[in-house]
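A.B. asks: Given next are the chains, with one letter for each unit.
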Amino acid sequence: MGAADAASVPRAVRAAAEPNNGLLSHSHSFTHDLPIKRTLTMNSKTTIATLLASLLALAPTTVAQSSKPASAKPSSTAKAGTKPGAKVADQPAVAESQEKKQIFILPLEGTVGIQLRAKEMHTIKDMANAAGPGQIVIIKINSNGGLVLETPEIQAALMGIRDGGHRLVAWIEKAISGGAFTAMYAPEIYFMKTGTMGSITRIAGGGWVEQGAQEWEDAVARTCEMGGRSGYVGRAMVHAEDLLSYDIDAETGKVTFYDTLEGVHELSNAKENLTFNASNALACKFSSGTADTLNDLLTAMGVPEGQYEVSVAGNKVFEKWKRTCEQCEKEVPELFRQYQLGGTGTGDGMVVLGKRIDAIKKLLEWWKKAPEMMRYEIRVPEPEQLEQQLEQLKYQQQQARKQRDGAGN
Amino acid sequence: MAPMRRITLTLAVLALPLLAFQAPPKKDATKPATKPAATKQTAPKPVAPAKAAAKPAEAAPAATPAGPRVYVAPFKGIWGLDIHPELCQRFVDDIKAKKPDLVVFTLDSQDLKEGFYTAERNEDGSGVFEDDSQRRMLKLLDEELRGTPTMMWVQDSWGYSTLLAFAFKDMYMKPGARLDGLGRVAERYSIEDPQVLAKFREAVVGIANGFFEVGGYDIMIGRAMMIAELKLSASWKGRDLVWTQDADGTWVVDGSEKAFAAFDADTAEDLGLADGSASDLGELMFLRGFREFQVVPSEQDPEMGAGERIGADWHRAWNKAFDTAEELWQDARSKLQLDAGKYTDLAKRHYEKIVDLLEKNDAAYTKWRMTRHPDLNQLKDQIERWKQEQIARNKAKKDNQGGSGTGGGRGRRGFGSPGGPGGG
Chain A
1 MGAADAASVP RAVRAAAEPN NGLLSHSHSF THDLPIKRTL TMNSKTTIAT
51 LLASLLALAP TTVAQSSKPA SAKPSSTAKA GTKPGAKVAD QPAVAESQEK
101 KQIFILPLEG TVGIQLRAKE MHTIKDMANA AGPGQIVIIK INSNGGLVLE
151 TPEIQAALMG IRDGGHRLVA WIEKAISGGA FTAMYAPEIY FMKTGTMGSI
201 TRIAGGGWVE QGAQEWEDAV ARTCEMGGRS GYVGRAMVHA EDLLSYDIDA
251 ETGKVTFYDT LEGVHELSNA KENLTFNASN ALACKFSSGT ADTLNDLLTA
301 MGVPEGQYEV SVAGNKVFEK WKRTCEQCEK EVPELFRQYQ LGGTGTGDGM
351 VVLGKRIDAI KKLLEWWKKA PEMMRYEIRV PEPEQLEQQL EQLKYQQQQA
401 RKQRDGAGN
Chain B
1 MAPMRRITLT LAVLALPLLA FQAPPKKDAT KPATKPAATK QTAPKPVAPA
51 KAAAKPAEAA PAATPAGPRV YVAPFKGIWG LDIHPELCQR FVDDIKAKKP
101 DLVVFTLDSQ DLKEGFYTAE RNEDGSGVFE DDSQRRMLKL LDEELRGTPT
151 MMWVQDSWGY STLLAFAFKD MYMKPGARLD GLGRVAERYS IEDPQVLAKF
201 REAVVGIANG FFEVGGYDIM IGRAMMIAEL KLSASWKGRD LVWTQDADGT
251 WVVDGSEKAF AAFDADTAED LGLADGSASD LGELMFLRGF REFQVVPSEQ
301 DPEMGAGERI GADWHRAWNK AFDTAEELWQ DARSKLQLDA GKYTDLAKRH
351 YEKIVDLLEK NDAAYTKWRM TRHPDLNQLK DQIERWKQEQ IARNKAKKDN
401 QGGSGTGGGR GRRGFGSPGG PGGG
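So the sequences go chain by chain: A and B. All residue numbers for the first sequence refer to the working numbering, where the first residue is 1 and numbers rise by one. All residue numbers for the second sequence refer to the working numbering, where the first residue is 1 and numbers rise by one.
Because the hints were derived from the structure by calculation, they are not lab data. It is possible that some hints are incorrect.
[What the hints assert, rightly or not] Calculated cross-link-like contacts (lysine to any residue; reagent style SDA-like; alpha-carbon spacing at most 20 angstroms):
{"#": "1", "chain 1": "B", "residue 1": "Lys-387", "chain 2": "A", "residue 2": "Lys-394"}
{"#": "2", "chain 1": "A", "residue 1": "Lys-355", "chain 2": "B", "residue 2": "Ile-383"}
{"#": "3", "chain 1": "B", "residue 1": "Lys-353", "chain 2": "B", "residue 2": "Lys-395"}
{"#": "4", "chain 1": "B", "residue 1": "Lys-398", "chain 2": "A", "residue 2": "Lys-394"}
{"#": "5", "chain 1": "A", "residue 1": "Lys-271", "chain 2": "B", "residue 2": "Gly-255"}
{"#": "6", "chain 1": "A", "residue 1": "Lys-271", "chain 2": "B", "residue 2": "Lys-387"}
{"#": "7", "chain 1": "B", "residue 1": "Lys-395", "chain 2": "A", "residue 2": "Gly-354"}
{"#": "8", "chain 1": "A", "residue 1": "Lys-394", "chain 2": "A", "residue 2": "Glu-329"}
[Claimed, not checked] Quick look at which bits of chain B chain A covers, simulated, 3 or more residues with Cβ under 8 angstroms:
{"#": "9", "region": "189 to 200"}
{"#": "10", "region": "331 to 339"}
{"#": "11", "region": "371 to 385"}
[As the list claims (entries may be wrong)] Just some of the chain A residues that point at chain B, by a computed CB distance under 10 angstroms:
{"#": "12", "residue": "Glu-173"}
{"#": "13", "residue": "Gln-214"}
{"#": "14", "residue": "Glu-215"}
{"#": "15", "residue": "Val-264"}
{"#": "16", "residue": "Gln-307"}
{"#": "17", "residue": "Thr-324"}
{"#": "18", "residue": "Tyr-395"}
{"#": "19", "residue": "Lys-402"}
The structure presented is a predicted model; accordingly, all values stated were derived computationally and were not measured. Ideal Cβ placement from N, Cα and C applies to all residues, glycine included.
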C-alpha cells in the first residue's frame, strides 16, 4: 500500500480494504474532512533521496532549456487593443487547420497524484507537439495538494511542454501544496480573484516530515527558479522560518525579493507560511495578472486576435478521467458490498462464492482503469492480494463443485 | 414647426420629474475614505414603497410603475445549509430570467446570537464550511451576474457567513448588525505542530480571503478577522484609507493578540467597509437615490417577492427532506427495538426512502451527517443485509411449503440457476 496521508482519505470507503475473517470489510467515519484534506506526503517505500534524485536528474536539462524563453512575458495588465480573438474549436487540436495555433486548456482538479495526474499533462503535451511549436497550454489548477510521488512525472510533462516550444501558463483557482508546486513550472501565472497559491510544507500523517526537509525546500526553490522566479518565494512557501519581503524599484518597476524582512513589503514572517492571494501576488509581480473568465485571461495574456483558437481537447481529456474517478468512487463500494453480502441470503455457498469471485474480478478491472483511485483514495488491497484471494476463492469453488458432484453420484 | 416644437417641449417638461425619480445618483465605485455624508443624514422615509411595490395589482392600472425593479434575494439561516450553493443557483437563474434593475442580497445568519446575559450558540445549528462549493457560489454571484448591479444588505452576520458579505463591493448594513465570527475559520487550522499549523492556517485563511478579493477589500482585514494573533488598524493618507496589521494606525480595530477583529454597523460604515446603514428596504433604496421602486414579485405568489419565495421554498424543501428522513429513522429504530423480526421489512423500506431523500438533497444530507447518523454507505450496507435476510426467509418459507425433496435442493445450487418447479 502507498502512504497517502491517513487524514486525506475521504468518507467513501475509508477502510474497505481491511481483511475481516477472510472477507473484505467496510468501515465508515462520521468525521468531516479538513479543508486541506490531502497534502504532500511521502511513500514509505520511496525515500526522499530517490525522489530528489529523480527531480535532480531532470533538473539540469530543464534548467538549461528553460533559459530559452518559450514566450515573452506579458505585462501584468491587459494590453489595450489586443482583444482575445481566439475561437473555441469543436474538434481536438490535431484535427484543426494548420493555419491557426491552438490554445489548450487543461483543468487540473483534485488530489495531486490521484485525480490530478501527470498522465493528462503528457497527453496534452503530445497533442501540442503534434500541432507544432508555438501552441499555448493553460493549466487551470484547483487543488489542495496531494502526493509527492507524482512530482517527477509532473516535472517531466510540464517541462516537456516548454521544451516543445509552447507557451505554458498556470491559471490559479486554488493551488495549495502540490497544486502550487505544479503551477511553479509555468513561466506565467495568472490568478482568479478567488485564487490562492502556496503552503507547500511536506507533511505525512498530519505531522511535519523533518527528514529531508531541507532537501525538499531546495527542490521547491529550484522549481520556482525554473519558472523564472526567485527561489526565496518557494522557500517561504515551505517552512515558516523562511522570511520573505520585497522592494519595487520606483523607476524600473523591478521587484527584488529578500529572504529577510528588509524589503518595504513584507510577505512572510517567521511564523507564517507564504500563501498568495490574487492581490499580493499581483503586487509583487509573482502573478502576471488577474482574470476570472477565459476571455479575461486571454486578454490579460495579450493573445493576438485571429492567430489562435481555443481547443476543447484539454477539457475532454480532463472530463474523461474525472468521470472514471467518479464512477470508481461509486462502483467500488458496491463491489465491496457484493463481496461481503452478495448471495448470502440464498444460503448457497456456491452462489456466495460466485458473487465474491465476480466482485474481485471487477475490482481487478478497476485496478487497471484507475490504480491511483484504488490505491490512495479508496484504499483497496493491492492487485496481488486480490489475485491471491481470487485464487483461493476459485479453489474453494472447485472443491465445492467436486463435493457437490460427488454427493450427486 | 411651432406646434411641433411646443409638443416636444411639453414632452420634455413632462419627462423631467420622471427622470428625477429614475436616474440614480452616480455612485463612486471606490470605497469612501471618509464617512459618506449621505449615510448619516436621517433620510425621510418614503411612504411604504416596498409594500406598494409588492402589490402591483392594487396600483392604478394606467400608471407606469415608478422606479427601478428591485430583486431582493434573502440569504437567511445557517451557512452551508440554509445558505447553500443550490439556493444561490436558483436565485441566479431567476435573476437572469427576470432581468431586474438592481439585486439586493440580504444576509441574516448567526452561529452565535446575543442572549439575555451573554452570547449564546444558535440552537438551530452552526455553519458548515466547504470551500469548493462555497467558492462556486461566489463565482456564480460574481460571474453569472456580471452586468447586473448587485449589492449586499447585512441584517446580521456571525460566522462563516461574514465571508459572503465581504464578497460585495456595495455593502450596506442594518443598524446594530455585526460582521463577526470569522474566528470560526481558526477551527480549520487548530493543530499543534507549528509547521503544519502555519501551512494549514495560511492555506485556509488564503482560501477564505478569496471572498475579500472578490469584494475588493484589503486582505489584511480578512487575516485579522481569521487569525487572533494579528492586530488591525487603519489610517488615512489623503482620501485613501490604509490598513495595517498592527495597532499603530489612527483607528485601532483590533489591538489584541488574543481576539479576532470584528465590525459593528457603525464601525463598518465609519471605516468605509459599508456604504451606509438602513433599517428597511425603503430607507436602503433612498440611500441609493430611489424614492420609488418596485420589488420583483413572485409569479406563483405575487404577494411575495420573487427571491423571498425562492428562499422560503428552498428552506422548506431541504428541511422537509431532513425531517422526513429523521422521522423514518426514528420510526425504524423504535420498531426494531420493539420487535426486530416483525419490523425488518418496514425498516428496510424506511432506510431505502432515507437514502433516496438524502441522495437528492445535499443540505439535508449535510445536516444528517452533522447530527451523528450513519452515512449513506452504512445505510446501504444495512439495506443489503436485510435484503439477503429477506431472500433467506423467502427461501426457507418456500422450502417448508414444498416439503423436503432433495432434488430441489441440488437444483438450486447449480451456479445460480433456479431450482425449478421440479425441485420443489
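A.B. asks: Does A:Glu-215 pass the interface check with chain B, least Cβ-Cβ distance below 10 angstroms?
C.D. replies: Constraint on A:Glu-215 not satisfied, violated at 15 angstroms.
A.B. asks: Compare the distance between the alpha carbons of B:Lys-398 and A:Lys-394 with 20 angstroms, and conclude whether the hinted pair is satisfied.
C.D. replies: With Cα atoms ~30 angstroms apart, B:Lys-398 and A:Lys-394 exceed 20 angstroms; violated.
A.B. asks: For a C-alpha distance cap of 20 angstroms, please report whether A:Lys-394 and A:Glu-329 respect it.
C.D. replies: Judged against 20 angstroms, a Cα distance of about 27 angstroms means the pair is violated.
A.B. asks: A closest beta-carbon separation below 10 angstroms is what the hint needs, so does A:Glu-173 meet it against chain B?
C.D. replies: holds, 8 angstroms
A.B. asks: Is the straight-line distance between the alpha-carbon of B:Lys-395 and that of A:Gly-354 20 angstroms or less?
C.D. replies: holds, 19 angstroms
A.B. asks: Have a go at the A:Gln-214 hint: is there a Cβ in chain B nearer than 10 angstroms to its own Cβ?
C.D. replies: Constraint on A:Gln-214 not satisfied, violated at 13 angstroms.
A.B. asks: Verify this for me: three or more residues of the region 371 to 385 of chain B with a beta carbon less than 8 angstroms from a beta carbon of chain A.
C.D. replies: As far as the region 371 to 385 of chain B goes, the hint holds, because 9 residues have Cβ atoms under 8 angstroms from chain A.
A.B. asks: Given A:Gln-307 was flagged as interface, is its beta-carbon under 10 angstroms from a beta-carbon of chain B?
C.D. replies: Cβ of A:Gln-307 sits 26 angstroms from chain B, so the hint is violated.
A.B. asks: Mind checking the alpha carbons of A:Lys-271 and B:Lys-387 for me, to see if they're no more than 20 angstroms apart?
C.D. replies: Measuring from Cα to Cα gives roughly 56 angstroms; hence the hint is violated.
A.B. asks: Given the hinted pair A:Lys-355 and B:Ile-383, is their Cα-Cα distance within 20 angstroms?
C.D. replies: holds, 17 angstroms
A.B. asks: Holds or violated: B:Lys-353 with B:Lys-395, Cα cutoff 20 angstroms?
C.D. replies: Violated. B:Lys-353 to B:Lys-395 sits at ~26 angstroms, over the 20 angstroms cutoff.
A.B. asks: Going by Cβ atoms only, is A:Tyr-395 closer than 10 angstroms to chain B?
C.D. replies: Check failed: Cβ of A:Tyr-395 comes no nearer than 17 angstroms to chain B, outside 10 angstroms.
Comparing the model with each numbered hint stated earlier shows that hints 1, 3, 4, 6, 8, 10, 13, 14, 15, 16, 17, 18, 19 do not hold.
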